[in-house]
Amino acid sequence: MSALVEIADASMVYGAGEAAVHALRGVSLEIRRGELLMLMGPSGSGKTTLLQVAGALRAPSAGEVRVHGQSLHGLTQAGRGAIRLRHFGFVFQSYNLFPTLTTQENVEVALDLRATAPAARQRRAREALDAVGLADRGGAYPAQLSGGQKQRVAIARALAGQPDIVLADEPTAALDSESGKRIVALLVAIAAERGRGVVVVTHDPRILDAADRIVRIEDGRIVHTETRRDRQDTAP
Amino acid sequence: MDARPAASEPPDRGRGADLRLLIAWRNLAHDRIRFLVTLVGIVFSVVLMAVQSGLLVGFVVTIANVVENTAADIWVVGRGVRSVDLPTSIPERRRYQILSLPGVAMVDPLLHVFAILKRPDGGAESVVVVGFDTATGIGGPWDLIEGRAEDLQQPDAVILDRLYRDKLGIERVGQVVEINGRRARVVGFTDGIRTFTQAPHVFADIKTARHLAGFAEDQLNYLLVRAVPGQDHAALRDAIRARVPEIDAHSRAEFARRSVLYWLVTTGAGFSLVISAALGLVVGIVVTAQTLYATTIDHLPEYATLRAMGAPARYLYGIILRQAAIAAGLGYAIGIAIAGLVVASARDSSAAMLMPWPLAAGLGAATVAMCAAAALISIRKVMTIDPVSVFR
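Chains C and S are the protein sequences, given in the same order.
Quick note on numbering: the first sequence equals residues 1 to 236 in the numbering used here.
Quick note on numbering: the second sequence equals residues 1 to 392 in the numbering used here.
Extracted from the complex, chain C is given alone in its bound form:
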C-alpha cells in the first residue's frame, strides 16, 4: 500500500500563551491506497483536527503534510482548495446536502466544481447514485430522504469527483444500526474497489471491524495503532 497522504510530526496549536490549546502534538501518519483507516478517540482528542490537516483544510502549526508527494507547506487557502478539489472527497456527519437541490443535483455539484460538461455531469451523477443504491431517488429532495439515504447521497457526491482519498467525519453517528452498517459497507467497497484511501473519524465501536487500520488518538497524540492483522492475531 503506497502513501497518498503523509503527515510528518504535525502539531496544531490554537490560541497563544496560557490560553493555547494543543490539538495535535507531533503526529505522524500515512494514508495509504486501498486502506480503510479509522481514527478513534474521545471528544477533544484531536481526531477531527487531524482529519482537517490530512484533508488540506488546515495547515499545521508545525510539521509537514504531503499529498501525492507534494508538500502543502506555504500553500494559500486557494491552493489548498485546489488540492482538495483534485484529490479529496468529503463525507460529513450532518450530510451537508443542499436542501434546495434534488439528490441528483446535489451530486452534480461535485462534478460542476470540476467543470464537467453538463451531459457528462448528469450521467456520472446518475451513475454515482446508482452505485450507492439510490438510482430511483434522483428527483427527491434531501428532506424527503431518511438519514441513511442522505448519507449515501453524501457519499455519492464525495465519489462523483473520483477523488483518491475520501475523508468521512462521523458518517454513522446520526444513523441507526442498519443504516450505519450499510454506510460502512459502502466505505469498505470504496477503499477496496478502486484503491482509494478512506479515513473515517468515528466514535462508533460497531463499525471498527471494517477497518484495515485503527488509530487511537488522545490529547493530540497517537497512542495506539492496530491493523486488521493485529486484530486477527489477537482474536480468540
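Okay, derived cross-link-like pairs now, SDA-like style, lysine to any residue, Cα gap no bigger than 20 angstroms in a straight line:
hint : chain 1 : residue 1 : chain 2 : residue 2
1    : S       : K381      : C       : A78
2    : S       : K167      : S       : A124
3    : C       : K181      : C       : S146
4    : C       : K181      : C       : S94
5    : S       : K381      : C       : Q77
6    : S       : K207      : S       : D156
It is worth saying that the hints were derived from the structure and are not from the lab.
Using the hints, position chain S against chain C.
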C-alpha cells in the same frame, strides 16, 4: 462503485446546463416571500429611476424644443441671454448688419414673448407668443395635426398645441381668443409641443405676434441665421460676434445646450430630478443588498460545504452574482413594464415623460450594476467563511 467518464461524452445540452444558475434560482425562490419583497424593492427602484429619468429627459427635450426644431444654423441673441425662455430685445438693424456678412444666406426674426390669454370662462393663463416670418417658415410650428402653417398669414391667426386645449379653454379651430386684450383666432393645432414653463406656445406670424404683444414694428428677440451651403458655422458665428459685439451668437446646438443647462443647473430643477433618480438607485441597492445578504446567510452551510470541497472563489461568487442577475432581470422586466405604462399614460399630459430606448437600456445597466453592487457584501461574507466550519 465508480463513475468514470465515457471515452466520448455527448454534447453539452439539456437541463441545468448552468448548475450555478439553478442553485442561485433555488436559493432565491426557496423563501418566496422574501424574494417577492426583493422584487418589489427592485421594481420600486426601477420605476422610480425610470420616472425621474423620463421626466429629466422630457424636461431637457422640452426646454430646447423650439431651438432644436428651428432650421437656423446660428441663433443671434441679446447680450447675456442664458435661455430661450428668457430673451431680451434686439434692434432690427442688427439683422442688416449680419446680412452683410459673407457666408450668410438668410436672417429671420423671431419674437418670443410672454403674454396673458383670457380663457372663455374669464380665467387667465400665461402663454408664450412665438412670432416668426411666415414667408420663410423659420421658427414656425411643427407636427401640425390641424391647419397649416401658411394659415398664420391670415390676420390675427394663431396655432397652439392640442395638449393645452383644456388649460386654455380652447375647443376647436376657428375659436376666437383674447391675448393681452387683443383678438386672436385659432387656425390650427400642433401635437406634442410642450413647454417647460407651463406657458403654452402660441405660434403666430411676427406681425400678429408684435400686435398681440404690444411690441413696436422693429422689435424682435432673436435673429435666426442660415449659412450658405458649405459655410463653416463656427467661423460664421465668430464673424457675427466680431461684426456685432453688442449681441451674442451661438450655434443651434450651443444655444439648446445653454438653455438646458440654465434650467437644469441654475434653477436646481434638474438637480432635484437627478437626486430623485439617484435615490431610486440607492433604495434598490439597499433592498437588494439586504435580501441577497439574508439569502447568503441562510445558505452559509452550503457555501461552507462548497469551500470545504475545494470550490474556487469564482464558483462561489458566481452563484451570488447569478442571484443578483436573476433579481435584476426580473425586477427590471417588471419595473420597466410599469414605467412604460406610466409613460404611456403621460402621453396626453403637459408634463413630458420620455423613455427613449437608450434610457431604457441605461436603466437596465443601472439595475444590473445596482444588484452587482448589492452582491458585493454577500461575496465578502462568503469569502470569509472558514471551510472547517462544516466540521463543527
